[in-house]
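J.: The listed protein sequences derive, respectively, from chains V and C. Letter 120 of the first sequence, counting from 1, is numbered 120 in our numbering, and no numbers are missing. Letter 38 of the second sequence, counting from 1, is numbered 38 in our numbering, and no numbers are missing.
Incorrect hints may appear among the rest.
Repeated chains share a single entry, so a pair holds when one copy, or any two copies, can fit it.
[To be verified] Taking lysine to any residue and the SDA-like style, the derived pairs with C-alpha atoms no more than 25 Å apart in a straight line are:
| hint | residue 1 | residue 2 |
| --- | --- | --- |
| 1 | K20 | T114 |
| 2 | K72 | V132 |
| 3 | K72 | L106 |
| 4 | K104 | V132 |
| 5 | K20 | H74 |
| 6 | K104 | Q28 |
| 7 | K20 | L100 |
| 8 | K104 | I58 |
| 9 | K104 | R90 |
| 10 | K72 | D109 |
Quick caveat, the hints were computed from the structure, so don't treat them as lab data.
Protein chains: 2
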Amino acid sequence: MTKPDSYQIQPIGFIRSSLKNRSEAPRQGAEGAPNAFLDIFPEYSDGLDRVAVGDEIIVITWLHRARREVLKVHPRGVGSNPLTGVFLTRSPDRPNPLGLHRVKVLEIDQGRLTIGPIEAIDGTPVIDIKAVIAE
Amino acid sequence: MTKPDSYQIQPIGFIRSSLKNRSEAPRQGAEGAPNAFLDIFPEYSDGLDRVAVGDEIIVITWLHRARREVLKVHPRGVGSNPLTGVFLTRSPDRPNPLGLHRVKVLEIDQGRLTIGPIEAIDGTPVIDIKAVIAE
Numbered sequence: 001m002t003k004p005d006s007y008q009i010q011p012i013g014f015i016r017s018s019l020k021n022r023s024e025a026p027r028q029g030a031e032g033a034p035n036a037f038l039d040i041f042p043e044y045s046d047g048l049d050r051v052a053v054g055d056e057i058i059v060i061t062w063l064h065r066a067r068r069e070v071l072k073v074h075p076r077g078v079g080s081n082p083l084t085g086v087f088l089t090r091s092p093d094r095p096n097p098l099g100l101h102r103v104k105v106l107e108i109d110q111g112r113l114t115i116g117p118i119e120a121i122d123g124t125p126v127i128d129i130k131a132v133i134a135e
Numbered sequence: 001m002t003k004p005d006s007y008q009i010q011p012i013g014f015i016r017s018s019l020k021n022r023s024e025a026p027r028q029g030a031e032g033a034p035n036a037f038l039d040i041f042p043e044y045s046d047g048l049d050r051v052a053v054g055d056e057i058i059v060i061t062w063l064h065r066a067r068r069e070v071l072k073v074h075p076r077g078v079g080s081n082p083l084t085g086v087f088l089t090r091s092p093d094r095p096n097p098l099g100l101h102r103v104k105v106l107e108i109d110q111g112r113l114t115i116g117p118i119e120a121i122d123g124t125p126v127i128d129i130k131a132v133i134a135e
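Chain V with its partners taken away, still in its complex shape:
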C-alpha cells in the first residue's frame, strides 16, 4: 500500500458547554452530560435547512484535547480493564480524534442549536452533522 494523502478538516461550528475540561466530562452523553449549544458558522447555516426541534442527529466533533499517538487504552480509564486497541473503544485518544454524539435538537435560534445531552467540552470543534438512520 502506498502512503496516502492527508486531508484538511475545516470546523463548521463549535460546542458551547458548561463542561470546561475533560476531567469533569462524563464518558458518554447518556451518563449525566448536560445540554449544550452548537454554534454553526454563518457560511454553513444552509446545511441546517429543514432541521427541526425534536430531531435526533449525529454530531461529529474533533476532540482537540486528545492525544493522537495513543493506540491502546484501558477501556473507560479503568486499570483492571485489559489494554485494548483504541479502535475497539470510544476513547477520545486515537490517531484521528473524532467524537460521535447522538443528540436531540431541543431549540433552534438561527445558527445556534441547543442539543443534548452531550459530553463534549466547551470549545470543541464540530466537523459534521448527520441524520440518524436505522442500521
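Given chain V's structure and the hints, the job is docking chain C onto it.
T.: Structure of chain C alone, referenced to chain V:
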C-alpha cells in the same frame, strides 16, 4: 465567533471493494452493498488489538470523491424530495465528507479485516474505527 484552525486527518487505512465508482454504490450498506476489505497501515495495527470476528464496529471514512461545497441536496438524489440541508441527510457531498458505516467484522488476517456490508467504494480512505455502544 473567531474563525477556527483547520485540522489534518491522516488515513489509517483503505477500503478495498468490488465497487469501483459512486454510480454503482448503493446509498447504504443495508441496501445490497457487498463485503469489502479494510486494510490498516502497519503503524496503526496496534489499534486493532482485541478486535474479534463477529464484532460490530463503526468505520469512519473520508469520502474522497465528494463535493465539499454542497450545502443542500434532494435527499437520496430523488428530485421530488424537497431540498434539504446536508446536515439532515447522509449525502456524501458535505463540507467535511465523512462517511459513517456500521459493519460486522467477518474475518481478520493481520492488518486486513473483512467487513460488511459496506457501500464505500474501492480506495476510500478510512480515518477512524469505533466500538458500537448503546445510545
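J.: Indicate, hint by hint, whether the structure satisfies it.
T.: Now for the hints, and whether the structure bears them out:
no.	hint	in the structure
1	K20 to T114	within (17 Å within a copy, 40 Å between copies)
2	K72 to V132	between (29 Å within a copy, 17 Å between copies)
3	K72 to L106	between (36 Å within a copy, 22 Å between copies)
4	K104 to V132	both (10 Å within a copy, 19 Å between copies)
5	K20 to H74	within (24 Å within a copy, 38 Å between copies)
6	K104 to Q28	both (14 Å within a copy, 23 Å between copies)
7	K20 to L100	within (19 Å within a copy, 28 Å between copies)
8	K104 to I58	both (9 Å within a copy, 20 Å between copies)
9	K104 to R90	both (20 Å within a copy, 17 Å between copies)
10	K72 to D109	between (41 Å within a copy, 19 Å between copies)
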